[in-house]
Amino acid sequence: MLEQTITLALASMLQFGTPILIAALGGVITETSGVVNLALEGLMRMGGFFAIVGAYFSGDPWIGLLAGIVIGAIMGLLQAYICVTWRGDQIIYGVAINIFALGGMTYLLERIFNTTGHSPSVQSFSSGIALSLDTARWYLFTLLLLAIGGLIYWLFRRMRALKGKKPWVWLLLVGIVGIPSAYFLSSIQTLINIVWGAFNKQTIFVYFALVLPFLMHFLLFKTKWGLRIRSVGENPKAADTLGINIYLIRYLCVIAACILGAIAGAAMSIGQLEIFDNHMPAGKGFIALAAMIFGKWKPITTLLAVLFFTLAGVAGDVIQMLSSTYPGLQAIPRGWLGSFPYILTLLALAGFAGKAVAPAADGIPYEKGEK
Amino acid sequence: MEAVCELKGICKRFPAVLANDHISLSVNKQEVFAIVGENGAGKTTLMNIIYGLYQPDSGQILIRGKEERISGPSHAIALGIGMVHQHFMLIPVFTVAENIVLGIEPTKAGGILDLDRAKKEVADFSKKYGLQIDPDARVQHISVGMQQRVEIIKALFRGAEILILDEPTAVLTPLETEELFETIRALISQGKTVIFISHKLKEVLAIADRIAVLRGGKVSGLVDAKDADEALLARMMVGRDVVFEYTKTPAKIGAIALEAKNLVAKNDRGLEAVKNVSFQLRQGEIVGIAGVEGNGQTELVEVLTGMRSQEKGEIYLAGESFTKSAVNALRHAGMAHIPQDRQRTGLVLPFNVAENLVLGMQRQSPFAKGHAQNQAEIVSFAIEKIQEFDIRPQATWVQAKSLSGGNQQKVIVAREIATQPKVMIASQPTRGLDVGATEFVHNQLLAERDSGKAILLFSLELDEIMSLSDRIMVMYGGEIVAEFQGGQVTREEIGLAMLGWKKDQALTEEPRLNAQA
Amino acid sequence: MLKRKFTYENLVDLLVPLVCILLGFIVGMILIAVAGKNPFGAYFALFQGAFGSLSNISESVLKTAVLVFTGLSVGLAYRVGLFNIGAEGQFIIGAISAAFIGHWVRLPAFLHIPLIFLFAMITSGIWALIAGWLKVSRGVHEVISTIMLNWVAYYLVENWLVVGPMAVQGAAGSTISEAGTPMIYPTAKLWRFVSDVPDLIGKIFVLIAIALVVFFLAYYALKRGTKIKGKALWFFSVITTAVVSAVSAVFVFQWQSGIPGIRMNIGIFFALAAVVIIYFLLFRTVLGYEIRAIGFNNQAAKYAGINVKRNILLTMFLAGALAGLGGVLMVCGTEFRFPGVFPGGYGFDGIAMALIGQNSPFGILLASVLFGIIRGGSTAMQLPPYKIHKTFADIIQGSVVLFISAYFIIQYILMLPRKRREV
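Chains as they are written, first to last, in my numbering: chain A, 62 to 432; chain B, 60 to 576; chain C, 45 to 467.
Isolated chain A, as found in the complex (with noise of 0.2 Å):
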């Protein structure tokens, strides 16, 4: 029983975190180069939509992505024209586009489908990736050393006193006791059945938002191109005294927040369904923006931010799986089960936004020649 549940619980958080993770990463790199996105759950709503069209008419999933993907970089210039170029206010722009994609869909919900509840059934990635037990022994033991690497890295960060040691230290712990350890406990039936059970026929979208933190992490704080994207973010006068193009890095961050946005939608659309829905997204995109905060604008501290929301999220599906057990939560309303993401998310940043520090130079555009 509890095995089922964690099973039903970690599945259900992988498809219901995958798009928020993926737009909130999206919102990490654009304010990371100072411009704010409100805008993501409206992309959400025009790149799921423009998926599914996609794939109807064509019947595959992958033109259909292609086609959240484009409107996704449509988008993208549009933004950036406005609130870069020509420095308009970021926050009226998202608002915009979050009521244009309200009508704007479902007007093409209409004049496409005919309808203004939900698409057709389109081909699409819902069956996702049938997975054998063997490799989820992989996936778990890849798992583990993650969070075994992870922890202790943190303790490293922690205990001042190991402060200025070279990585290779670290890599040394880690290989001495990340690896066994990973290994022993990777052969453990019931946490390979688990993971099993949560990966089995998940979504290439899933597997996409998994390695997206990290991939950006490295593009953020280990190339050059992340220290010029943040820079532009925190002191854009001073990036411009030295030939840093301004415009050009914003532009590029703001195209690629609202492909990840797009993509999102789409990992709702041709991902978890095969159809577009009106209701789409239902807030997720703003639940996105909330997680960056938590995040603190990092790309890994995101990633632990959207699991720590997505546990909310479903919770309901957990409580009403339990209820068949214990029947005492049938009391509870659904109002309150479906209420709970949001109060946390109210409850984390209470106890928590006063400490993120935004990137300096977020929301403020930039006029080349300002006095």
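Hints are supplied without guarantee of correctness; some may be wrong.
[Unchecked claim] When the alpha-carbon atoms are kept at most 30 Å apart in a straight line, the in silico DSSO-like pairs for lysine-lysine are as follows:
| id | chain 1 | residue 1 | chain 2 | residue 2 |
| --- | --- | --- | --- | --- |
| 1 | C | Lys353 | B | Lys460 |
| 2 | B | Lys428 | C | Lys47 |
| 3 | A | Lys359 | B | Lys178 |
| 4 | B | Lys259 | B | Lys67 |
| 5 | B | Lys125 | B | Lys371 |
| 6 | A | Lys298 | B | Lys371 |
| 7 | B | Lys460 | B | Lys259 |
| 8 | B | Lys179 | A | Lys298 |
| 9 | C | Lys353 | B | Lys320 |
| 10 | C | Lys267 | C | Lys47 |
| 11 | B | Lys481 | A | Lys298 |
| 12 | B | Lys428 | B | Lys460 |
| 13 | A | Lys285 | B | Lys88 |
| 14 | B | Lys371 | B | Lys325 |
| 15 | A | Lys357 | B | Lys259 |
| 16 | A | Lys283 | B | Lys186 |
| 17 | A | Lys283 | B | Lys187 |
| 18 | A | Lys357 | B | Lys186 |
| 19 | B | Lys320 | B | Lys371 |
| 20 | B | Lys371 | B | Lys383 |
| 21 | B | Lys428 | B | Lys371 |
| 22 | B | Lys428 | C | Lys267 |
| 23 | A | Lys285 | B | Lys167 |
| 24 | B | Lys67 | B | Lys88 |
| 25 | B | Lys320 | B | Lys261 |
| 26 | C | Lys434 | C | Lys81 |
| 27 | B | Lys186 | B | Lys67 |
| 28 | B | Lys178 | B | Lys167 |
| 29 | A | Lys298 | A | Lys359 |
| 30 | B | Lys277 | A | Lys359 |
| 31 | B | Lys187 | B | Lys88 |
| 32 | B | Lys259 | B | Lys307 |
| 33 | A | Lys298 | B | Lys320 |
| 34 | B | Lys67 | A | Lys298 |
| 35 | B | Lys167 | B | Lys179 |
| 36 | B | Lys325 | C | Lys353 |
[What the hints assert, rightly or not] So the derived label-pair ranges between C-beta atoms look like this:
| id | chain 1 | residue 1 | chain 2 | residue 2 | range |
| --- | --- | --- | --- | --- | --- |
| 37 | B | Lys371 | A | Ser384 | 34 to 40 Å |
| 38 | B | His146 | C | Asn54 | 33 to 39 Å |
| 39 | B | Asp522 | C | Leu58 | 54 to 60 Å |
| 40 | A | Trp215 | B | Asp173 | 48 to 54 Å |
Bear in mind the hints are in silico, worked out from the structure with no lab data behind them.
We put the CB at the ideal spot given by N, CA and C, even for glycine.
Since the structure of chain A is already known, use the hints to place chains B and C on it.
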């Protein structure tokens, strides 16, 4: 003599002003070429043109004899021009090494940052020029003098041959200034050229080979430093003889108006910025508080005016305790405040002049009747003050943001004097003003003093402090480290006190509070 | 002193929102044309749908009244520097509060309706206050917190209260269209002044209201327009009031039958009053001065001794109360209960109203009139031959806001003629 940088007939117009009006200058290799002029004379605009941040409307720039259209900073860098801006162009959360290599980062394959190599290169470079820095330190944690060094290395690291220093001494102590001059001389001896922009005549005379004077966007004089003196430069700057010596009547000292006892306060980053400050301010005197920027003056002003809560200590206004009082209570009890940043603190820029003239008095009679505002009274009050203080344009309905800096300051001064205060706290009241406006503000302060008000004057300009104050206190590291009688003290004595009186300690570069300017 | 002049720049500032609206309509036309329909015909149908009959006008007025409240809510919060995206949630809270007092409390009308207003203002004000408090004391950005509060309100009210503790019992709630909270008592309903004829007490109230309005209008008109002062001013005002009231009394007491089915109600007068009150609050009171000072420059407000935190909280409370009143109009004026399928979205529309109206109360009123017309008329566009879904109004609204966010582009283009002349 080889001219490395020549300007011919440079013109630049901004919507309101002609900032540069046919400026022609020629800078020789291996010299320190100073450009002086008062605020608004067009110095910074000219330098931004050379650095490619602005494009001139007309005129030519010749670098090493070749005409160039400098399209942007990267072009200027490629031409060997480096600039250290008045407000440092650094990224506080980055390390020194990251700041220096930004834009020309050493990388491994695939664009991966090679920070180790960056650190090594930066360290080598700082050794080469004898400029000590720690590549691993975060810029937000190092002192202002250190940050300036990072800026200079940043320029040199990009192969700068011509180094433009824009008001480089504004944020330095006299001793740090001396160190900077050493650095400049060392750079000249290594074949570099330095363009030194300042409005501090003494420093210019000390370091420059030749001096160009700008006035109202035009070159009003070009002299060899050895042939010039302060009076001559001042005359060229202002166009008339400038008397910075005010004729002061002897102070008629009265009762204690403001007393601070053992004040302790933290800055925005939670560090102790005001440490155990105590003083007394009496009616009819001006007490000047000197010190280099970031030594706790801002925080002290904010604590005294109620804008910042203190950790410890007491404040008495006319004998009554106002410890931890709200701004409102202090204002009611007769505290006026001319803030250091008129645009960010002193005015609501989108409000019109009339609305700004009652800011802080909005709940007082006759401007308010209960909860309702009395527009007629507000406007007639504004008309009165506009005429009395000659605020231009003469209109009550103009938004404060469209006023010039001097007129904005007049609005604030007019308003604060109109509150008929017991105590006036003036924080850098003439920052960024031209000579005329500065004289006006100074005369207003002196008149207030003569009418028996107590004035506490915070300023970074030593000359201002020395010419106005009856007593002078010096702040360093959050403490008041010295007190002098006005008129009986030399610049050098104050300068030493500004270093905390401990010469050796100043050299070790103890991080100064609020290092971020 | 210099005289104030109306410059080209002032004109451009006025024109920008109008141009944005125009561009929004053009986007709408393009979309209709793309759908293969005649855009002019569709717009004609839209305006016919809004003005074609008394009942159509009434529907537009209904929507305008609600939009004014949510628009003022967003606009007022904007003045103090907060972007209140939470008008939607506050609207829902106001509506459910009205449904609660409307059904579970029995009072005569002249007490019942004020009680509903008061209660709904307090509950929705407190709901907004949560976001204000999070902003002031915890530094949580209000955009995120108000959006989260919207969802919390949505789930708690529509997925719990309305289907659970407050659901209508028995056969009445068996179908979707009948689901929701029970009907409110007639004493809680806002008077539909075209279709419903009031009883004797109601008629007396109407007369008193007319007398009051006439008195104030006469007083101000005489004070501003003539040189009459002091006792004479009062005298003439009272005379005018007496004459007008007497004449209207004849009509009011003879009033026997109304036109049935016209849902327009006195909510629109409350909305107009709210516009005037908020205008006075912002531009004629010390509190308004302080609110605007905070919104423009927080630091300067602090410097001036203004209690920034208290004023932000107070403004947020008022903003919430305004949005909540929108919900009250919905329940007490149109639906008479909190329906199972709630006609939401007015809160979000409020954002657009505030942005298009440039946060000025009268600007918001004009924007609300315009979009009230579009909303009212878009129902007609849904019918054949155009069959354009009513979310079409969202598209126009979204594009107008989009153009507003591109303010500088439009300003630049409008300034072009002036620039050329200068060169």
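Range hint 34 to 40 Å: satisfied by the CB atoms of B:Lys371 and A:Ser384?
For B:Lys371 and A:Ser384 the Cβ distance comes to about 58 Å; the hint is violated.
Are the Cα atoms of B:Lys371 and B:Lys325 separated by 30 Å or less?
holds, 10 Å
Does the structure keep A:Lys357 and B:Lys186 at a Cα separation of 30 Å or less?
violated, 37 Å
Quickly compare the C-alpha distance for B:Lys179 and A:Lys298 to 30 Å and report which way the hint goes.
Holds, at about 27 Å.
Pairwise hint evaluation, C:Lys47 against B:Lys428, where the allowed Cα distance is 30 Å at most:
holds, 27 Å
Measure nothing beyond the straight line between the CA atoms of B:Lys167 and B:Lys179; if it is 30 Å or shorter, mark the hint as holding.
This hinted pair holds, its Cα atoms lying about 15 Å apart.
Within 30 Å, alpha carbon to alpha carbon, are A:Lys359 and B:Lys178?
holds, 24 Å
Does B:Lys167 sit within 30 Å of B:Lys178, going by the straight-line distance between their CA atoms?
With Cα atoms ~14 Å apart, B:Lys178 and B:Lys167 stay inside 30 Å; holds.
Are the Cα positions of B:Lys320 and B:Lys261 separated by 30 Å at most?
Roughly 37 Å separates the two Cα atoms, so the pair is violated.
Pair hint A:Lys285 and B:Lys88, alpha-carbon separation not exceeding 30 Å:
violated, 35 Å
Taking 30 Å as the top limit, are the C-alpha atoms of B:Lys67 and A:Lys298 close enough?
Given that 30 Å is the threshold and the Cα spacing comes to 28 Å, the pair holds.
Holds or violated: are the alpha carbons of A:Lys283 and B:Lys187 at most 30 Å from each other?
holds, 28 Å
Of the numbered hints stated above, those contradicted by the structure are hints 5, 6, 11, 13, 15, 18, 21, 25, 27, 30, 33, 37, 39, 40, listed in ascending order.
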